[in-house]
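Chain order of the listed sequences is C and U.
The opening position of the first sequence corresponds to residue 554 in this note's numbering, with each subsequent residue numbered one higher.
The opening position of the second sequence corresponds to residue 13 in this note's numbering, with each subsequent residue numbered one higher.
Any given hint could be a false lead.
Calculated from the model, a selection of chain U residues having no Cβ within reach of chain C, i.e. all distances over 12 Å [to be verified]: (1) 41; (2) 127; (3) 269.
Short derived list, chain C residues pointing at chain U, Cβ under 7 Å [what the hints assert, rightly or not]: (4) 601; (5) 774; (6) 785.
Beta-carbon label-pair distances, calculated as ranges [to be verified]: (7) 35(U) / 715(C): 51 to 59 Å; (8) 289(U) / 769(C): 25 to 33 Å; (9) 119(U) / 669(C): 24 to 32 Å; (10) 139(U) / 715(C): 42 to 50 Å; (11) 734(C) / 191(U): 33 to 41 Å; (12) 144(U) / 802(C): 48 to 56 Å; (13) 158(U) / 693(C): 39 to 47 Å; (14) 137(U) / 769(C): 31 to 39 Å; (15) 71(U) / 697(C): 43 to 51 Å; (16) 734(C) / 135(U): 29 to 37 Å.
Derived by calculation from the structure, the hints in this document are not laboratory data.
Every residue gets a Cβ at the ideal spot worked out from N, C-alpha and C, and that includes glycine.
Below, each chain spelled out in residue letters.
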Amino acid sequence: MYLNDLRISRRTFSLAVAGTVAIAPMTRVFAQDDAVVYEPAEEAELSGEFEADGSSTLGPLSEAAIEEFAAVAPDVRVTNGISGSGSGFERFVNGEIAIANASRQISDEEAALARENGIPWYRFPVAYDGITVAVSAENDFVTNLTVEELAQIWAADGGIATWADVRPEWPAEPIELYGPGTASGTFDYFSEAILGEDGEVRTDYIPSEDDNVLVQGVAGSPYALGYFGFSYYENNQDTLKAVAIDAGSGPVAPSIETIADGSYAPLARTLFIYVNANELQSRPELQEFVKFYAATADEIAPSVGYIPLPDDVEQAVYEDVLAAIDGSLPPNSETGGEASPAASPVASPAA
Amino acid sequence: MSTSVTTAQGSEQYHARLRVRRVLSEFWRWIFFASTALAIVLLGMLLYSILVPGLPWLSWNLITEMPSRIPEQAGMNSAIWGSIWVVLGSAVLSFVLGLGTAIYLEEYAEKNRWTAFIQTNISNLAGVPSIVYGLLGLVVFVDLMNMGRSVLAGAFTMAILILLIVVISAREAIRAVPSSLRQASYGLGATKWQTVRSHVLPVAFPGILTGVILAMSRAIGETAPLIVVGGASQVLFRPGSPTDPFMVMPLQIYNWTGRPQPEFEHLAAAAIIVLMIVLLIVNSLAIGLRHYFSKKTRI
């Protein structure tokens, strides 16, 4: 009895601390004006174990959701891996994990494997991200780039060696390029959005799977250029300058607003979780977690540097989750790779 | 006269050379000092770069709390327990396997091409990059033997990685047992197994133990194989059984350094300090146990 009391009071205490210390989290989880309010399940003692793996971009958000979920259901043990979108899907279609974190949509090959292995799945959008093209804060000549210029810079046959090759009025200094490695979902998304599906990316850039290395590389030289997730730009605004992207209707800089309304094209993207439909319909602890994630992702997202889904989208996703749990919504794997009606207004090149 | 001139000249030459020799000797002394100093300066820089950002973040929270996205509340409790499980598991496994190998090679094996081949192989294991053990663990333990990404798979992988250290130190400890001891035992009619069990092993034990504990401290700091085998980047619970998923200290540090928020880099530095303290404790344990057992079994 005593022990039990102690545990509850510790949990309440940590919630209180979370509310006061953190910038945004938890304070709005119970807020009344939120579109979707998470209500804990009736059956109190949920327990069990499942695993999420995949995108390192989405990782921090999923980890935060798991962390908050642990306060609601302390006996459910969830682990999260960050082996990359591709590796996550590989494990997901083999039935090894219940949830795949993805910064891109599932590929046709991966979907075919899932079908072969008898694994139907649901896809739920959880947040937006904007791949940010950045230069050093010391760079005083670049403020915007067109998609064509970006494509020229990153294409294998673009023939760009110096900034003057991009625009004649820029200095004739060599461009130093930084970007994620080829295993990354961010690399896939950027290459497809900028160069198209068949575009070949140049190989003479400095790759790193560690985004902090990219940030330091770009910040270190006025002639460097690189790209990474919005959160890495947001946390390093004193040393970096975001480049506005012109996709034909004038340059748009990445910001919470331009990413959420989709005007930061074509580099705004939706982050998804893919959930194993069989497991979702049979395991109450997984149902509770996915409900919790869908309802609270918008409150958690800003604290880890992501852009929350707008209220109406969040509402629609939450209703989809409920319908998926009771089986009235057919799995997305059956309705094809089409984006569900709840999916974002943000155009996704993979769709 | 002429002879005394030559002697004077000789003595002058001698003194001139002596001066050169002394300067040269002094020169080398400073070169050697510089190389020692360089190592110490580098160590100092390393400690400085960890202690300065890390010390302000060192707190009980770090030891008692689970990982969190809020750096002020984040801790490495699950990682500390995960490290304890994996390292103890691998110590037990590598002790059993390594000691068996060492006893066989030293006491039983004939000295022929076959044992020479095995010995060459064991020595060559030292040159294998640790990530290769991780890939081996992923294929053999995680997939083939179906252990999943569990404490057990991690412990087996680490056991193979440190097996080499255990085998080499156990062999040296066994070899250091004077053969007169064995001869006396045989002379009284004891079998090989009785000799090994009652005479060789007790005397060799301190050396074997030191090897195992030093191997453990290697396993505590090893990251690469467990990135492949463990995989999970966030575990919010302590392992409760060998089949549970786990997190270890170096992996937690690796994850924190990759976070966008700069606070997590300081937290990682603080976690490195905790790891160093644990390493120091384990190493002094090795020295203490060695001292204790060698007093007990002095011959």
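Hint by hint, here is what the structure shows:
1. 41: holds, 41 Å
2. 127: holds, 41 Å
3. 269: violated, 7 Å
4. 601: Since the shortest Cβ distance to chain U is 12 Å, the answer is violated.
5. 774: Because about 20 Å separates residue 774(C) from the closest Cβ in chain U, which is outside the 7 Å limit, the hint is violated.
6. 785: Residue 785(C) check passes; min Cβ-Cβ to chain U is 5 Å, inside 7 Å.
7. 35(U) / 715(C): 51 to 59 Å: holds, 54 Å
8. 289(U) / 769(C): 25 to 33 Å: holds, 29 Å
9. 119(U) / 669(C): 24 to 32 Å: Hint violated: Cβ distance 54 Å, outside 24 to 32 Å.
10. 139(U) / 715(C): 42 to 50 Å: About 44 Å separates the Cβ atoms of residue 139(U) and residue 715(C), which means 42 to 50 Å holds.
11. 734(C) / 191(U): 33 to 41 Å: violated, 57 Å
12. 144(U) / 802(C): 48 to 56 Å: Because 52 Å falls inside the window, the suggested range holds.
13. 158(U) / 693(C): 39 to 47 Å: violated, 59 Å
14. 137(U) / 769(C): 31 to 39 Å: holds, 36 Å
15. 71(U) / 697(C): 43 to 51 Å: holds, 45 Å
16. 734(C) / 135(U): 29 to 37 Å: At 35 Å between Cβs, range holds.
The structure does not agree with the numbered hints 3, 4, 5, 9, 11 and 13 stated previously, though it agrees with the rest.
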